[in-house]
Structures are given as C-alpha cells and as structure tokens.
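> Sequence:
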Amino acid sequence: MSSTRDRTVRRLAWLVLVVAVVGSLAFAAVDTDRSPQTPDERAYAIKETTLCPVCQGQNILES
Numbered sequence: 001m002s003s004t005r006d007r008t009v010r011r012l013a014w015l016v017l018v019v020a021v022v023g024s025l026a027f028a029a030v031d032t033d034r035s036p037q038t039p040d041e042r043a044y045a046i047k048e049t050t051l052c053p054v055c056q057g058q059n060i061l062e063s
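Under my numbering, the first residue of the sequence shown is numbered 1, with each subsequent residue one higher.
It is worth saying that the hints were derived from the structure and are not from the lab. All C-beta atoms in this analysis are idealised placements derived from N, C-alpha and C, irrespective of residue type, glycine included. Some hints here could point you the wrong way.
Unchecked claim - Simulated crosslink set (SDA-like; lysine to any residue; CA at most 20 Å straight-line):
#, residue 1, residue 2
1, Lys47, Glu62
2, Lys47, Ile60
3, Lys47, Gly57
4, Lys47, Gln58
5, Lys47, Asn59
6, Lys47, Gln37
7, Lys47, Leu61
8, Lys47, Ser63
9, Lys47, Ser35
Claimed, not checked - The calculated label-pair distances, taken between Cβ atoms and stated as ranges, are:
#, residue 1, residue 2, range
10, Ile60, Arg10, 53 to 63 Å
11, Asp40, Arg10, 54 to 64 Å
12, Thr4, Ala45, 53 to 63 Å
Work the whole structure out from these sequences, hints included.
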C-alpha cells in the first residue's frame, strides 16, 4: 500500500515540476520588455537614462 502511495506522490511531483518548467519557458518566451524599435525611440531612451555630467540628478533629457 505504501509503495502505491509513494509512486503516486512521485508522479505528482514530476507533474508539478514539468508544469513549472513549461510555464517558465512560456513566460520567458513572451517579450515583456518592449525595447525601442526606431532610431528616434532609441535616442529618446538613451537621453532618458544617461545622466548629465554637470547637472546633479538630472538626465540629459531634463537638462
């Protein structure tokens, strides 16, 4: 009786593991971070993230 229960628990554990791996792969395949596509979008993104060397705490876009 115990071996049947152990086998069922083991199969359930494998099933959970397979579902977790497949779910992780599916989540990783989805492009959640939309990167800039056009040159203008890329330039804007660089201006937003690059800090001004003169103005403290401001990005290039704000200074």
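> If a hint holds in the structure, say so; if it doesn't, say that too.
So, going through the hints one by one against the coordinates:
1. Lys47 <-> Glu62: Holds, at roughly 9 Å.
2. Lys47 <-> Ile60: holds (5 Å)
3. Lys47 <-> Gly57: Within the cut-off at roughly 13 Å; holds.
4. Lys47 <-> Gln58: holds (10 Å)
5. Lys47 <-> Asn59: Holds: Lys47 and Asn59 sit about 7 Å apart, inside 20 Å.
6. Lys47 <-> Gln37: Holds: Lys47 and Gln37 sit about 15 Å apart, inside 20 Å.
7. Lys47 <-> Leu61: holds (5 Å)
8. Lys47 <-> Ser63: holds (10 Å)
9. Lys47 <-> Ser35: holds (14 Å)
10. Ile60 <-> Arg10: 53 to 63 Å: With a Cβ separation near 58 Å, Ile60 and Arg10 satisfy 53 to 63 Å, so the hint holds.
11. Asp40 <-> Arg10: 54 to 64 Å: For Asp40 and Arg10 the Cβ distance comes to about 56 Å; the hint holds.
12. Thr4 <-> Ala45: 53 to 63 Å: With a Cβ separation near 58 Å, Thr4 and Ala45 satisfy 53 to 63 Å, so the hint holds.
Every hint, counting from the list given before, is met by this structure.
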